[in-house]
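Let the hints inform the model, and build the full structure from the sequences given.
Note that the protein sequences, when read in sequence, are chains A and B.
So the first sequence is numbered by my numbering: it starts at 2 and just counts up by one.
So the second sequence is numbered by my numbering: it starts at 2 and just counts up by one.
Quick caveat, the hints were computed from the structure, so don't treat them as lab data.
Just so you know, not all the hints are guaranteed correct.
If several chains are the same, the list does not tell them apart, and a pair holds so long as it fits within one copy or across any two.
Calculated cross-link-like contacts (lysine-lysine; reagent style DSS-like; alpha-carbon spacing at most 25 Å) [as the list claims (entries may be wrong)]:
#, residue 1, residue 2
1, 44, 29
2, 47, 114
3, 213, 33
4, 44, 33
5, 33, 47
6, 114, 33
7, 47, 29
8, 213, 44
There are 2 protein chains.
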Amino acid sequence: MSQGKSPNRYTLRDVARHAGVSLGTASKALNKSGTLRQETRDKVLKAADELGFRPNDLAQALHRGQSFTVGLISNDSFGRFTMPIMEGLETVLHAAGIALFMCNATDDPEREKRHIDQLLGKRVDGLIFTGRRADRRPVPGLALGNLPVLYVFSQSDEPGAACLLPDDEGGARLATAHLLSLGRTRIAHVTGPEDFEAVRLRRRGYEASLSKVDPALILHGPWSEAWGREAATRLLAMPVRPDAIFAGNDQIARGIVEALRDNAISVPRDIAVIGFDNWSVMTEASRPQLSSVDMNLKLLGEEAGQRLIRMIRGERESGTSRLPCTLVPRASTVPTP
Amino acid sequence: MSQGKSPNRYTLRDVARHAGVSLGTASKALNKSGTLRQETRDKVLKAADELGFRPNDLAQALHRGQSFTVGLISNDSFGRFTMPIMEGLETVLHAAGIALFMCNATDDPEREKRHIDQLLGKRVDGLIFTGRRADRRPVPGLALGNLPVLYVFSQSDEPGAACLLPDDEGGARLATAHLLSLGRTRIAHVTGPEDFEAVRLRRRGYEASLSKVDPALILHGPWSEAWGREAATRLLAMPVRPDAIFAGNDQIARGIVEALRDNAISVPRDIAVIGFDNWSVMTEASRPQLSSVDMNLKLLGEEAGQRLIRMIRGERESGTSRLPCTLVPRASTVPTP
DNA sequence: AATCATTCGGAAAAGCTTTTCCGATTCACG
DNA sequence: CGTGAATCGGAAAAGCTTTTCCGAATGATT
Chain A
2 MSQGKSPNRY
12 TLRDVARHAG
22 VSLGTASKAL
32 NKSGTLRQET
42 RDKVLKAADE
52 LGFRPNDLAQ
62 ALHRGQSFTV
72 GLISNDSFGR
82 FTMPIMEGLE
92 TVLHAAGIAL
102 FMCNATDDPE
112 REKRHIDQLL
122 GKRVDGLIFT
132 GRRADRRPVP
142 GLALGNLPVL
152 YVFSQSDEPG
162 AACLLPDDEG
172 GARLATAHLL
182 SLGRTRIAHV
192 TGPEDFEAVR
202 LRRRGYEASL
212 SKVDPALILH
222 GPWSEAWGRE
232 AATRLLAMPV
242 RPDAIFAGND
252 QIARGIVEAL
262 RDNAISVPRD
272 IAVIGFDNWS
282 VMTEASRPQL
292 SSVDMNLKLL
302 GEEAGQRLIR
312 MIRGERESGT
322 SRLPCTLVPR
332 ASTVPTP
Chain B
2 MSQGKSPNRY
12 TLRDVARHAG
22 VSLGTASKAL
32 NKSGTLRQET
42 RDKVLKAADE
52 LGFRPNDLAQ
62 ALHRGQSFTV
72 GLISNDSFGR
82 FTMPIMEGLE
92 TVLHAAGIAL
102 FMCNATDDPE
112 REKRHIDQLL
122 GKRVDGLIFT
132 GRRADRRPVP
142 GLALGNLPVL
152 YVFSQSDEPG
162 AACLLPDDEG
172 GARLATAHLL
182 SLGRTRIAHV
192 TGPEDFEAVR
202 LRRRGYEASL
212 SKVDPALILH
222 GPWSEAWGRE
232 AATRLLAMPV
242 RPDAIFAGND
252 QIARGIVEAL
262 RDNAISVPRD
272 IAVIGFDNWS
282 VMTEASRPQL
292 SSVDMNLKLL
302 GEEAGQRLIR
312 MIRGERESGT
322 SRLPCTLVPR
332 ASTVPTP
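Here's what the structure looks like:
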């Protein structure tokens, strides 16, 4: 350690000296081990406090063979999905005395590999991969051995990998059932690109909720408001119009609502609209505000934290779990009183 | 180290044994030090590769007194501003052999304090604070001593703190000058809450660009599309309407554009509109697409990385620097041919 | 006075890596 | 043959912390 360069200029040896005890006694006092008088412990604690002593985690980790650190690797360059997940993770890991550090690979495999390398060098106790789409991703280009690894809002090509995801299909069922409960009988589904697994699952949830599916009411396009506008225009041009639209995400839903407004269609009176993601930037700015499905990403993060802790403690975890989503009704489906 | 638990099951001692050399020789070979025959070095490198050896960063950092790690502490729970900054930082720090790890405090001072504590325990070589608004923030509740600390897109109550920020005022000048260059003569400014420093600076840039300022053309409100809509409605109700509107951010601008459309005002023909932030979620979805001012956050991150490296190497850095923004013209100000 | 219990000191060892230093060996050259 | 250079081994030390073990000192009890 270069002295005077960092806030941690004092070692345990300094604390011991300051407290007038031996090095071993100082350690025992701070770690509540050994048989020391309370007076001796207090003396050491006071000395440590006065010196602003902070144990050197590096030395501790080296000695105990565990760093109590977890790395989170994300390829979500916008942070939209990762941040709530991280928040939930951090809460749970912190309660277990584990620090969480994130690296953002920005969808660059080389960068990701490098991050893994760095985290392994730091001897993290586990790794979590997450991103901005839940489809399978390539196995990392480094052997991870028995290190606990968990995919959250993400999956792996590796068979048996432990994965935790929102229940897209269930969420879509919620949305469709909500529209049905409102008496809607002709529900369209405007969604994203077919190569997203989430798109397929949401579509499956929609289809499973209907007694009869009309393929002409299912439209795929890009994740954008513009696509929502175009799709709505197409639906309006049909001989028989839908009386509700379940959009694959909130951006598409926003576009749909805008096109309906442009065409003097009243939402939800004439056509109800519900999105997916519960992205407040979209739901709140839309006119009327969007009903949506929340993926509960923070809860997903909490569940992931608990799961990883179990893995770190030696339990075996594998396979994919899906956590339920939540319906968030707003004025785009529920008329305001 | 608990064996078989992690990918790093081999120590340098194992590599030496595998290569049939001494521990010291193995170290010298991997670190390109000492006087070894190339043949000996190659033998050690091969052994290390075969065993998948990765040096223990903890032991290295302990020995050399430097961790080559930097902590990034953000209070931006959405990641919108932090992610591009992080990307720029990571690029520059990586080139200098330094790892970057992020903790997200989600605007909770207790959580932030805890993160600082964790990072200090890991003996980071420097700390970077960033967030979602650039105003002064309280001094962290922990003494950081001489540890290099840099505020990026953020400022500190601590006098002389090193800060790096986008040039809000300059960006506002760019936006206003752009409108002037298009022949606009009556430019309004619809912006965010007065308690944001960025709001005050952007207003100052706007005012400085005009030979004559009409206070009635400056409206403050919340950061939302709804406020943009309301403000536009107010401006349209004025005896003399503006022929251009400079919005404090893209969300407000989006709202303005929508209200103009609702009132059959053609953008940019009748009234040109420019935003700030260049947030693609807004700029691209708007009709027409929004001209905006980009804060160059990735570049800010790169500059911050370079600055922090200098600080880590012992140079003194203090005070606030501002990096220029970039004008991004789109159809909301420039008519499409 | 002797014995036992409590408390602490301090030495040693371990974790892993780097670096230095000294000694030993081998080979080449004068 | 003697000397010097190149090469490597291996021991030691350092970084910081934790833990164990044994010995020493003190106070209380018999």
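Hint by hint, here is what the structure shows:
In the homo-oligomer, the alpha carbons of residue 44 and residue 29 lie at most 25 Å apart inside one protomer (12 Å), although the nearest pairing across protomers, at 45 Å, exceeds that limit. For the homomeric pair residue 47 and residue 114, the shortest alpha-carbon distance between copies (21 Å) is at most 25 Å, but the shortest distance inside one copy (44 Å) is not. Taking the closest pair of Cα atoms, residue 213 and residue 33 never come within 25 Å of each other, the shortest separation being 67 Å inside a single copy and 71 Å across copies. In this assembly of identical chains, the alpha carbons of residue 44 and residue 33 lie at most 25 Å apart only when taken from the same copy (13 Å versus 47 Å across copies).
When the C-alpha separation of residue 33 and residue 47 is checked against a cutoff of 25 Å, the pair qualifies only within one copy, where the shortest distance is 14 Å, while the shortest distance between copies is 46 Å. In this assembly of identical chains, residue 114 and residue 33 lie within 25 Å of each other by CA distance solely across copies; the values are 24 Å between and 40 Å within a copy. When the C-alpha separation of residue 47 and residue 29 is checked against a cutoff of 25 Å, the pair qualifies only within one copy, where the shortest distance is 14 Å, while the shortest distance between copies is 43 Å. For a Cα distance limit of 25 Å, the shortest separation of residue 213 from residue 44 qualifies neither inside one copy, at 77 Å, nor across copies, at 69 Å.
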